[in-house]
Structures are given as C-alpha cells and as structure tokens.
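Asks: Residue numbers (our numbering), protein chains in the order written: chain A, 464 to 774; chain B, 464 to 774; chain C, 464 to 774; chain D, 464 to 774.
Rather than coming from a laboratory, the hints here were simulated on the basis of the structure. Values in this document were obtained by computation on a predicted structure and should not be read as measured data. Certain hints may be false.
It does not matter which identical chain is meant; a pair holds if it fits inside one copy or across any two.
Derived lysine-lysine pairs resembling BS3-like cross-links, with alpha carbons at most 27 Å apart [stated by the list, open to error]: (1) Lys589 / Lys576; (2) Lys589 / Lys485; (3) Lys567 / Lys482; (4) Lys686 / Lys534; (5) Lys626 / Lys589; (6) Lys567 / Lys485; (7) Lys600 / Lys773; (8) Lys768 / Lys662; (9) Lys567 / Lys577; (10) Lys746 / Lys575; (11) Lys534 / Lys567; (12) Lys559 / Lys468.
4 protein chains.
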Amino acid sequence: MSDVKDFVPKNQTVNELVKQLKLTAYNARKLAEAVDIIEEMVEDENCVKFLGLSGALVPAGMRFCINEMMKNKWVDIIVSTGANITHDIACSFGEKYIQCEPEKVDDLELRKKKTSRIYDIISPDKTSIRFESEVQKILKEIGEGNFSTYELIGDIGKRLEDKNSLVRVACDNNVKIIVPAFFDSILGLQVWMYSQDHKMIIDERKDLDFLINLHYNLKEQGKSSGVLILGGGVPKNYILQSVIIPEKPHKYVVQVTTDVPHYGGLSGATLEEAQSWGKVDEKSKLCVVYCDATIVLPIIVSSLKERIYKV
Amino acid sequence: MSDVKDFVPKNQTVNELVKQLKLTAYNARKLAEAVDIIEEMVEDENCVKFLGLSGALVPAGMRFCINEMMKNKWVDIIVSTGANITHDIACSFGEKYIQCEPEKVDDLELRKKKTSRIYDIISPDKTSIRFESEVQKILKEIGEGNFSTYELIGDIGKRLEDKNSLVRVACDNNVKIIVPAFFDSILGLQVWMYSQDHKMIIDERKDLDFLINLHYNLKEQGKSSGVLILGGGVPKNYILQSVIIPEKPHKYVVQVTTDVPHYGGLSGATLEEAQSWGKVDEKSKLCVVYCDATIVLPIIVSSLKERIYKV
Amino acid sequence: MSDVKDFVPKNQTVNELVKQLKLTAYNARKLAEAVDIIEEMVEDENCVKFLGLSGALVPAGMRFCINEMMKNKWVDIIVSTGANITHDIACSFGEKYIQCEPEKVDDLELRKKKTSRIYDIISPDKTSIRFESEVQKILKEIGEGNFSTYELIGDIGKRLEDKNSLVRVACDNNVKIIVPAFFDSILGLQVWMYSQDHKMIIDERKDLDFLINLHYNLKEQGKSSGVLILGGGVPKNYILQSVIIPEKPHKYVVQVTTDVPHYGGLSGATLEEAQSWGKVDEKSKLCVVYCDATIVLPIIVSSLKERIYKV
Amino acid sequence: MSDVKDFVPKNQTVNELVKQLKLTAYNARKLAEAVDIIEEMVEDENCVKFLGLSGALVPAGMRFCINEMMKNKWVDIIVSTGANITHDIACSFGEKYIQCEPEKVDDLELRKKKTSRIYDIISPDKTSIRFESEVQKILKEIGEGNFSTYELIGDIGKRLEDKNSLVRVACDNNVKIIVPAFFDSILGLQVWMYSQDHKMIIDERKDLDFLINLHYNLKEQGKSSGVLILGGGVPKNYILQSVIIPEKPHKYVVQVTTDVPHYGGLSGATLEEAQSWGKVDEKSKLCVVYCDATIVLPIIVSSLKERIYKV
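Chain A with its partners taken away, still in its complex shape:
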C-alpha cells in the first residue's frame, strides 16, 4: 500500500483534486477510489451499467449530472425512487424548486402558503397542480394497457418536450428507468387517479423479467454488470438482488451513502456483506463513500468528463 501524501491545495481542476485525494485517507481517499472504479466501469464495453437513485436528488439540482452520464453511455439502467421521476417531470414543465433555510422556516406557515418542503428546498403547490394536469394529459395519450414501470416511464419520456428532462434524456439514449415502489410517489398517485376510469395496470413482474433475463444473458455472453448507488433504499436492494437468481455477481459496485452498517438495515449494509449473498464476489471492485451525494456526484461526473473527454 502507498504512503499517505499531503494534499496540495491550489487552483486546480476537479479531476486534479480527485487524483490527489487518492493518497489521503478516510472518505476523501474513498471518493478518489470510487472515481477510479467508475472510470474503469464506464470504459468496460462488456459491462451493463446501473445507477441507483434514492433521496431527492433531482430537486437538489443533480439532474444534469445524471443526464451527462446517460448521454455518455455511462448508464444503461436507472433504478429510482418515484420521487425523483416525479420531480423531473415537474421540472420538464418549467416548474422550479426554491432554496430555503430549514432552521428558519415554520412548516405550518409553509402549508398556509401552499408550499411543501424537502429539507432546504421548497416546492409550491402550483407545481403539483401543473404536474397533475400535464401528466393526466400524457396518460390519456398513452391510453390503456399493462405496463412495466420502465415502459410507462419511457412512454412518458417520449412525450416530454424538455430536452433537459432526465426522463426524456433516458428515452433519447435508450436508458430504461425502473421504479420498484412505483405507487410510493406522486407519479404513482397520478396513475392511480387515472386508473379510476381507465384500464392501466402497472405490472412490475415485467421489470423483473427484463432484469433477470438481462443477467442470464450477460452470464451466457461472459459479460458483466456494474452499479453506482446514490443513497440506498429500494434501488440498492433491487439492483443487488436482481443477480441472485442468475447467480451472476456484479463486477463493480460503488455506493455513496450516509447510512451506517451497525443498525442492521440494507441501506447501510457493507458491500462485504453483499459477498455473502453472492451479489458481488471476490473479484468485484467495491467502494463505499460515506458522504452526501450532492457533494460527491458533481465531483465524480466532472472528474470523469475531464478524464475521458478532456472537456
């Protein structure tokens, strides 16, 4: 192993910063290791790339980071909470999220002003109202049927005009978006409303069909898969468990989280624990960065842009 080397602070690019952090310690070092693993993953042409999204990253301004990853073919499949997809679609209609000071707001006042809070972000009710009317229009266009979540989200994406929408970018770049807890979101509530008088069934077996067949195929073809998990939650578990039946461990797993192992939850479970389940194996490249993803994701994507495209 290397000696620790003192970080030299100076006017430097994000990637230069990351390169230097590799020889430090704790989560700075882990961040640098994560970038190296993700770089190897995105340059591995025989690897299908997953992105797990939990936490309200889209209203926090992380959309373009995810879009950039999709446009560069650094992601093939996104597994997300419904909230991120809801917020993205709302943004695509021109709606905005507004910064606030969580220490200073009175939440009962916010309600009276018809606004909702996500930590230090405010979303006005008018955003939800607009979201409702536009989404109901789109669902009518889509019609009726039995949909996997990736099919329905794909069908919505095609109908979004905003080229900066991550749902639209996913569509344009053949990235599938799976939302395993689909009805646990405002988008889910809209589909529920629509389905009161239309035949629309969300059939999540089909999402699983797609994923499990994918891993069987990768196994047959000697190809691999890799994952960047932002947060934890259902997306983490879903992506990791999808390889259990095909018995095809993920080759690369990077998790950015602030959850800890010692309370027994899966969100904070170590990637070593995942080895005991066969979700990864002794050859897998593993890294956990314990940090807020809003700090780490911009650094990862900026650093990779510089490494790979020099721009």
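On the provided structure of chain A, position chains B, C and D as indicated by the hints.
Replies: Here is chains B, C and D on its own, set in the frame of chain A:
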C-alpha cells in the same frame, strides 16, 4: 415545561423505567414521550392504526412484538418491506436465523458455506430453498388472478400453520399487510418465478385504492389515523403520502429511526417537514426517537402491556 | 452461536428485558452483551474500574445512575468532560435544568430571556451566577497550590453539602475524577478567574502520574482494569492511552456511542482498532452499543442492581 | 431565496464547482456557503481567525491545507487535539503514515507486526520510537519552566527543521497552537516522561489568559473573531466558550462535522444553540457542512486559493 429529574436506577419494570425517563432528556425522554403518544393512539377507538416496518426486524427477533400489537388491536394496517414478510414466512416453516460476530466473519467464507449475512445474523441457503418450495406450493393453491399485495399476503397467511407467524397473526386479526415495493424482495422473486407459467398479477393500485378510500371514509366519519414508523424508507413515505389526496392529516405519528434530517432524504425528514405537506397538522402528536428499533420496540410493547393489561 | 429467539413483550423487569434481548440482534443484542461484560467487570475484585463520561449526561438526569455505580464500587475512576462536573456542582446548589422543545424554541429569544440551551434542556443564567459565587467561595477555602484535577475536584467535593452530588459521592466513595481538558469548561473558567489573584496551578501531569503508576502496579500485581465509556471524546482516548506506556491492556471495554468508525475519528474508532495499539488485546472482552447513553445507562444500572442486589 | 439550478458537470476548476454548488441543495449548497463565509472572514482584516482541529487530519494528509491557510494569514490561532500535533511532529522527522484497507486488516496481526491503525492508515511503532527520542532531545533543549501549551508548542516548532511541519509553519507565521487536553496525546505522554526528572509544568491557565484577553481587546477595539471548526470535540467547545466571559460573540462560524444534534453532545450541537449561549449572535454568519473534513478541507482551501490568489 418540567424540570429535569434524575433517573433512579433500581430493580424496576420496563414501564417504571419509561415513566422515569419522561423527565430526563435527549432520546430517553423521546422514548417516554413516544410511549405516551402510542398509548393514547391505541386507546383511541376512532383511530385507524398503521405500523411501518423497514429494516430486517423479523430476523432480529422482533416478530412477537409486532404480533402482540396486532392481537391487542394496536395495529390495523402494516406497511412493510418485502424482506420482513419473506423472513416471517421462512420462520413459519421452522427455519432459524443464527447470531454471528460481524467483526470476525469473512463474507467470502460465508458464501462458500452457503450462508448469507444480515449484519450480525446468518441465514443459511437451505432456508431459501425451503422457502422456495413451500411458497411455490402455496402460490399454486392460491391459483391465478390479479392481487393487491394485501390480498396476496392475506391469502398466504391463511395457509401458514405457524400461529406465531406475523403474516398468520395478521390474517387472524384482520390486519392488512401492504408491501409497496413488492418485487424488491425474495417473496417478490418467488411470485415472479411462479408467474412465468401462471397468470398472477400484482396490482398495487388496489392497495392504494384501499388506503385512499379508507382516509376519505375516516374524514367523512370524523375519525382519525395514527402511525408508528420503525425505520424509514418506502413504508414511511407510503403511509404519510396516502393522506395527501384525501387531505386528512394523521393524528399521531411516532418514528423510531437512526436517519438524520440534514442529508435531505425522506427517511430522516423531520415530522415538522411533514406538516408543510399536510401529512400531519398543528394538532398532530409527533415524536421521533433516534434509536435502533430493536431496543425501542421491545420497550414500547412491554411498557404498553403493563400499562393497559397489567400483564 | 445461538439461534435468534423472538423477544416476548410483557410486563417484565428491566433485567428480564435485557436477558431476552441477548438472543435478538443489532444493538439490542449488543446492549445485553454490554450488561453481561459490565456485570463480569464489577464482580471482578482484581479489576480497577473506569467510567468515561462525555456528552451532557448530568443535566440530562443521569447523575443518580453514576452515583449508584460509585456507591456499589462499580467505578473507581471517572474521566469526564468538565461540563458534567460543572453541571453537577451547579445542581448541588439546588439549581435546576428545564426541559424544552428544540423544534419550537428560538435561540435568540432564549438569550434575551437569559437562558442557554443544551439540545432539549434549558439552563438559566442565574444558575451560572450562583455557580460562580459558590465556587469562588469554595476555591477560597481550598486556598492556593498546585493541584491535579482529581485533587481539586476532590477538594471541592468535600465542601459540597448535597449528598446527591456526584462530585460529593465520588469523594465519599474514594472515586477519583479526572478532567483532562479541565479549562475547557465553566468550572475551568472559574478556576482561571480565581487564579487571576491567587496562586492555583492545575498540574495535569499529576493526573497522568497517578494513572500510569496505577497501571504499572496492576501489571506487577497481576490485576486488571476495565472501562465503561459513555460517549467518546477525550475521556475515551485518555483512558485507553493510559495503558500504552505500562503495556497493560484493559481487560473489559464497553462503549456506548453514536459515533461511527468510517470518518476516522477516535470517538467512533472500533475497539478492534484499539487492539492494534495494544490498548486492549485478544483476551479483552469488548462491546460497542450504538445508542444514546440516556437510554442505555438507566437500563444497564437498573439491570445490574437487579442482578447483583435484587433490589 | 434563489431557485435551485441544475449543476453542470464538466472539466472545471474546484472553485467553479463550488460556485455552481451554491444553487443546489443539502450539503453541497452548505459547502458553497461555507466557502463564501470563510472568504469573507479571511478578507476581513479586523477579524482574528481561529481553526479548530479534531480527528486525525494530519496523518490523513491534510497538513498542507492547514499550512496554506497559515501562510496566507487565514488563521491566527489553532486549537487542536494533541494527536494532530503529535503526528505532525512525527512527520517532521521524516516518518510516514501508510494506507491500509480497514475491511481486510486483522488488528491483532497489526499489533504483532508492531503497527497501530487509525481507520485506514497504519503507523509503525518505529515512528513512535523516533518521535520519543527526538522529542526528548528537543525538550531538553527547551529546558525547564512553566509553559502554556502554545508556548511549549511554539518552542518545539522553532526547533523543527522540516519547513512543511505545521508546527514549524505556525511558528514561522506567528500562529499560536493551543491544545486544551494536552496530556491526552502521545506528545503529552512525552512531556509527562520528561517531567519525571525535569521541572516542566504545563499551565493551561495561560492559554486561557491569552484567549480571554484577546477577546476583551477585540471588543474594545471593535474588532471581531471567526472560526473554522473541523470536526467538533474539545477544540469546538474551547473556541466557542472563550467568548463567554468577554461577552463578544464570534462573527463567523463554519463547522464541518459528521456529528448530529439529536444526541445532545456539544460536537453536534447546532450553531443556533450557540446563539442561546451568546457564543454567536443574530449578526453572526453561521454554516454547518455535514461531511467528512478530508473531502471538504481540500475543496475549501483550493477554492479560496483560486478566488484570492488566482493560483
């Protein structure tokens, strides 16, 4: 407000301990306040009671606490991760979970020995194998159709012989169990396998139908709802968001969690934040205990037993 | 290792609760293991017992738990932050701490009302004023000289009339109290003020002299030492490092903390890491409970009372 | 307040990254606000600047960041744990810290190999041996007497040849280093050994004298003080409490921590809570970034270099 009073340590019952903690500080005080709110909630006959379950509480030995709550009519609806339901069903077949030392195990060795780890608990592969064969039999008995998750889990519960199974106890006590991310679990994988050659659709709109109608009815009847959230994750969000369309805030909300507000995730979001969404309002009784649920749940249920039944 | 056994909730004593938790998982199990190790430690007559105190445990109502431990000879040496000693002395003059709701207070208002906040506890300025006048009187009685922190605190303890004061109880039971960051406290500020026109030197070498000689003696006599660490901080490091020069690892170490290992700080460092320093060795009994000490300490002391004294 | 704006990932400098993060959310936004406050602080010529250091930041490779701050007059007084000073002095003798994988090491093996671990860093015993022999030589040169910690550390700094040592850089730039828990460190143990047959007293009243007089003077002169706190612990409390007697609130306070408020400890206490103590007031500029300091410090210092020196 009261003066802090020094806790007197002595041979005492769990409820006596809790009563004393009420006059201390930090999470000891919060634990005592939580018990008071839950006591008020369970004695409120005009209140529908929810329990949110995330984290692997069943393999951690928390089943009987949940069963006790159901038998006493302290819970009407459980919203859970699929993992807890999976583990409960496995236990109902006589399978066991085994303690281990996370600092000392080698996860690659565990895999070679065909065992999987959940922090300090080991589950042998034979449990999964048994789970698979028994669940496939039960699914065949259930047949085909379009099921909400509470219907399917109810239909499984009826067929479990173990009277200590929480899925069975739920069934025996008319408690509905909803699993919003159904396919994100080993039980979900089994249903997926079964559905390869049987027509079984998991239609989660029906779960939402049930819940939203329930809240509309409660509103009409001037009744209320309350929640005990163990952990966070999808169960927390799902239970809280279910009142948004009916605009009927929960009256009681207690959360036991180790997640924090300042990373922006919903799991750690404060219950004040929930006020800005109308999920609770200014009259709601709110309490967060920052603690591992394996410590808090046994204390809450033992304390309530003593308060209400003196046994 | 044992199978996990479902916890049976019922009207039961604290010790019965703890006994049952031993067969569960996560921190519930750790809490039970901690009580077993501490029981073994307190019954080990050849063991000198340390208690590390950080966090504002005294204003939180934990004094009597610590007093109980001293009266039962379960503690020989306390290493504490100065704040806990300051608060105890203030309480000994009849001053009170008052509960508050941290979500609802305005800290600028609190200042205007001449009160200071410790999370959910309020301390009025009159407490500090009383503390100042009484402590200055006591210091005048003590006179001048060169003191270790345990000598000065012992000299103060003798002069406190309140038999419930932990500083007084320490005095009455020959427990030494060491405060390694002595001037980092309101008591330290008072000594600083006093020393403006009196010759009082706090000579912390003498604390270290005492401790290091103690460990050399224990080593010679084949005796041992054990530690209960509540929180982390300076008390943890100080107690653990005191065995490095004598090369006499602690035999028992239990830590109750909410700090985590992966940010690199000593407060959250694992006790395995302490093995690499020789602070503990392969025979040491080690246990970390990740939990708020205000919940765990009352349980530990009540449980031990029942086990050892049946009262 | 501003709308959230999507972060644009690209090849960019660290400061450009920070500028963009200002319009995002959670800790990314806080990091950007922290840099703005620190920029304002370092450009405020009427402000005395403090740096609080806890956690093993020096072995983690953060020395040059701190040196850079001192050389640019961005820091006037450092309050640190003894460990950081110990490690810096060891490095100044050419000793190295080595990276390791905490998941893979066996701490009992590390001890057998005569190495100690700090999370993911290894320190060989030969470093301590060298440290001992060199420090004893230096202490002999310094001689005998009654020293504040800043005087002794200053006297050591003068004698270090390594111009990259932070203790030396402090010396060269008239930065005082105060270590309130002086004997809670290996350096403290060395002084204790030396004092076995030499008259050396560490008189920490003198540190406090210096600080409290400083704040009285600042008050008289209408000047101010500001603080960057890395971690929490004794340095945080010590710097904040030093203004209580002079009643001169700090004007700028930025804390980078991973400690949380809800367990009641001072390390995680909010800066709003500090308002109730008068440590800061309504005009103070306050910011907490919840993040590992090894990630945040290199970003802050690199960003400031670019802003202020364009290099």
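Asks: Indicate, hint by hint, whether the structure satisfies it.
Replies: Verification of the supplied hints:
1. Lys589 / Lys576: For Lys589 and Lys576, the Cα distance is within 27 Å only inside one copy (11 Å; across copies 41 Å).
2. Lys589 / Lys485: between (46 Å within a copy, 25 Å between copies)
3. Lys567 / Lys482: between (39 Å within a copy, 24 Å between copies)
4. Lys686 / Lys534: within (22 Å within a copy, 51 Å between copies)
5. Lys626 / Lys589: Within one copy only: 22 Å inside, 50 Å across.
6. Lys567 / Lys485: Only across copies: Lys567 and Lys485 sit 18 Å apart there, 38 Å inside one copy, limit 27 Å.
7. Lys600 / Lys773: neither (42 Å within a copy, 52 Å between copies)
8. Lys768 / Lys662: This pair counts as neither: shortest intra-copy Cα distance 44 Å, inter-copy 47 Å.
9. Lys567 / Lys577: Classified as both; 17 Å inside a copy, 21 Å across copies.
10. Lys746 / Lys575: Answer is between; shortest inter-copy Cα gap is 15 Å, intra-copy 55 Å.
11. Lys534 / Lys567: neither (39 Å within a copy, 37 Å between copies)
12. Lys559 / Lys468: Between copies only: 9 Å across, 43 Å inside.
In this structure, the hints that do not hold are numbers 7, 8 and 11, in rising order.
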